[in-house]
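Here this note's numbering is used: the first residue of the sequence shown is 1, the next is one more, and so on.
If you are wondering where the hints come from, they were derived from the structure by calculation, not from laboratory data. No incorrect hints appear here.
The calculated lysine to aspartate or glutamate pairs, modelled on DMTMM-like cross-linking and capped at a C-alpha distance of 20 Å, are:
no., residue 1, residue 2
1, 417, 697
2, 227, 212
3, 196, 183
4, 79, 179
5, 211, 225
Derived CB-CB ranges, DEER-like:
no., residue 1, residue 2, range
6, 471, 369, 26 to 36 Å
7, 533, 511, 19 to 29 Å
8, 687, 460, 20 to 30 Å
9, 471, 602, 51 to 61 Å
10, 580, 474, 24 to 34 Å
11, 471, 76, 47 to 57 Å
12, 338, 443, 27 to 37 Å
13, 65, 200, 15 to 25 Å
The beta carbon of each residue, even a glycine, is placed where N, CA and C say it ideally should be.
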Amino acid sequence: MVHDNKVVSFSGQKPPARFSLPPALVRLRDASGQSLKSVLASFFDRADDALFELADRAGSNLDQTAYFDAMRELRLRRKAMVVSILQYVSQAFNEIGKFQPQQAARSLEDVDEDSLSLVDHSQLEQQVAVGNLINKLRNRYTEQIRLLTVRVGHLVPGIDLKDAQMPLSPEIICGGVAEACADLDIDIRAKLVVLKLFDRLLADTLGDFYKEANRTLISEGVMPDMKRPPAGKVPARSGQRSPNEGQASARAGVQGSSEAEGPGAPASHATFSELSALLHHGDSVPAGGGAHAGEGYIDTDRLMARLTEAQSNSRQWGDGAVIPLNEQLQPILRSGDGKSLNVGQVDSDVINLVSMLFDFILEDRQLHPVMKALIGRLQIPVLKVALSDKNFFNRGGHPVRKLLNELALSAIGWTEKKVGQRDPLREKIESVVDRVLNEFNTNVTLFEELLKDFSHFMDLDRRRRELVEQRLRDAEEGRARQERASQAADGLVQELTGQRDISEPVAGLLNEAWTKYLQWVVLREGEESDRWQHARNLTEQLVWSVDPRPVTESTRGELLRAIPAIVDDLRKALQEISWDPFATDAAIRDLELAHVDVFQRLVTAPSVPEAPAEPEDLLQPEPERPDETPVAPPPAEEGLRETPVPVEPGEPTVDIVSEAPSEAAEAPEATVPVSQEWLAKAESLRVGSWIELTRDETKVRCKLAAFIKATGKYIFVNRSGAKVAEYLRQELAADMEAGKISMLDDGLIFDRALESIIDNLRSSRKD
1 MVHDNKVVSF SGQKPPARFS LPPALVRLRD ASGQSLKSVL ASFFDRADDA LFELADRAGS
61 NLDQTAYFDA MRELRLRRKA MVVSILQYVS QAFNEIGKFQ PQQAARSLED VDEDSLSLVD
121 HSQLEQQVAV GNLINKLRNR YTEQIRLLTV RVGHLVPGID LKDAQMPLSP EIICGGVAEA
181 CADLDIDIRA KLVVLKLFDR LLADTLGDFY KEANRTLISE GVMPDMKRPP AGKVPARSGQ
241 RSPNEGQASA RAGVQGSSEA EGPGAPASHA TFSELSALLH HGDSVPAGGG AHAGEGYIDT
301 DRLMARLTEA QSNSRQWGDG AVIPLNEQLQ PILRSGDGKS LNVGQVDSDV INLVSMLFDF
361 ILEDRQLHPV MKALIGRLQI PVLKVALSDK NFFNRGGHPV RKLLNELALS AIGWTEKKVG
421 QRDPLREKIE SVVDRVLNEF NTNVTLFEEL LKDFSHFMDL DRRRRELVEQ RLRDAEEGRA
481 RQERASQAAD GLVQELTGQR DISEPVAGLL NEAWTKYLQW VVLREGEESD RWQHARNLTE
541 QLVWSVDPRP VTESTRGELL RAIPAIVDDL RKALQEISWD PFATDAAIRD LELAHVDVFQ
601 RLVTAPSVPE APAEPEDLLQ PEPERPDETP VAPPPAEEGL RETPVPVEPG EPTVDIVSEA
661 PSEAAEAPEA TVPVSQEWLA KAESLRVGSW IELTRDETKV RCKLAAFIKA TGKYIFVNRS
721 GAKVAEYLRQ ELAADMEAGK ISMLDDGLIF DRALESIIDN LRSSRKD
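Kindly produce the complete structure, drawing on both the sequences and the hints.
This is the structure in structure tokens:
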């Protein structure tokens, strides 16, 4: 980091930039400091949970150790890191125009090839991580950052303020993060984990931060009418230089660099250059090499023309055919006499990176082979984009990258339909690929148009699926509540009648009409309600009235006093659930006959000499009933029916029958023993997670649509929203452990591919 004016002058000549900060900037510094403090506090709270979850899912002990080390160090150094970042930003304000952020001061493009070889590899990895975060922020919040830069520059007209020197620029904030992370006492793996966490968690929260910073200056009267940043000047990225400087760079350092970095080429090559640096660390002889004496050479323009010709030929591939990019390039990089043609160093790096990118995509087990074949046809068009625009690797929001991500994400749950059945998703993806192959030359706007159209298609499809899934969730939750209510009602009746001698007609009343009433009470008000307690007391009195035990001298009098209220309450209860009035009258008559029989038996039955205390529920006043009159529900047999969910023709289904709900809720899941590790993995499954399950040699892809707490069931649906499987936790963990269920990664495929490329290049260098 470069610092100017470290010597304090006592001659009265105070550094103007330090002590003449405009009041509006002072206000921005103080307000943004408080905002950034809140943002960082939220980050550290979320980081702890994220690291714990990553450690829990770690694939190796080495990864798990790195996560736990990062978690421990963040907890210990949290306050110090926040202070360090805030001081770094404050210093950028106080030394505005002179302060140089680390990332801008030491870009990879500022070093030549010889000095680059001396850069510590771990330092290079950290620079890549910080550079990615800077570019992500600039791409995501371009307009807000640019507005803020213009307003801050307006306040200091006498200073030539570069974009990276704006005190709240991504370079400043990320430089503060990098400096704070540099002091962490952990190895490079754990440190990179922390930086990736900043990339993952912090970037999403800074949009409001930049909006608030602009609002602060607007409230101070700084350019309040400016709604859009002025056109013309493009915001500089970390390490940005002019095209001429780029041509002179020793890092590009190859004959032929001019054709890649000539006039009109993008100036921001930070991430591409860093990828190139990793590429050459892993392999000192890039594919294609430089032009050797006596061998032919093909420049970028001629290469692009040949690629366009090959692009039109790829339309003739057979269904399911996938030709790797390197094989497609072999005839392109040959002259008419069959000799190999060499490309420039930068073009060679681009070819290698795009080839590795598609190697990852075409080997990714998350994608169905049919979808791999469709996406594989875009290799040549994507290569043309990357050759003409190095920002393809830098910009997370690049339309081509976003389109690739959307295509792969939409296909994750796709399964092939039967012959002759319509497949709207496949047809849409095919139309996107065909339009690219037929219409794309160098017009990247075509990808923007296709992205917008495809996103609209997926939004409509997503809304349709969400409605279907919601209906399914409602049906499953209704069924779970019904099962819970049935369990509570049946359990109460069995508990109170188990040791009693109940006549058949009264037993029928208890097991049918009265059980339905008990279920209704549970569904309506729950087992903790006063109404449920009153229903329980009434059930106890009803059972006691037909089999009073033990019989004492006072039993007959107690029955005579209690029976009228019991019968009256019973009739009212059945009326509340709209029970058939004729069946109710018949049940009451059967109950009265049972009471007559009880009185006849009491005449001959010997009584206990000493009467025990009366039942507590007979001595206590009846609980007060709710004032409101309950609305009668539909008959219990018809209420809470399962909502039918449409299944698209040809969608595979899997019938997985779990334990009976009553057993699932009461008894432990006593099936095949499963290790705690797999039980924890099953428990950590989140709604929306995709899996692939295997049944009878058939693979089915589905996602977790709901977890029903009442029954402990995991409900899985296909991409049409139709239910295909349900599991209890034990069953789910057992199948995961047995390899019958595997998790699918629904992360952005381009980002995963880039991470894989960096990891592979890093590993090859270590080897």
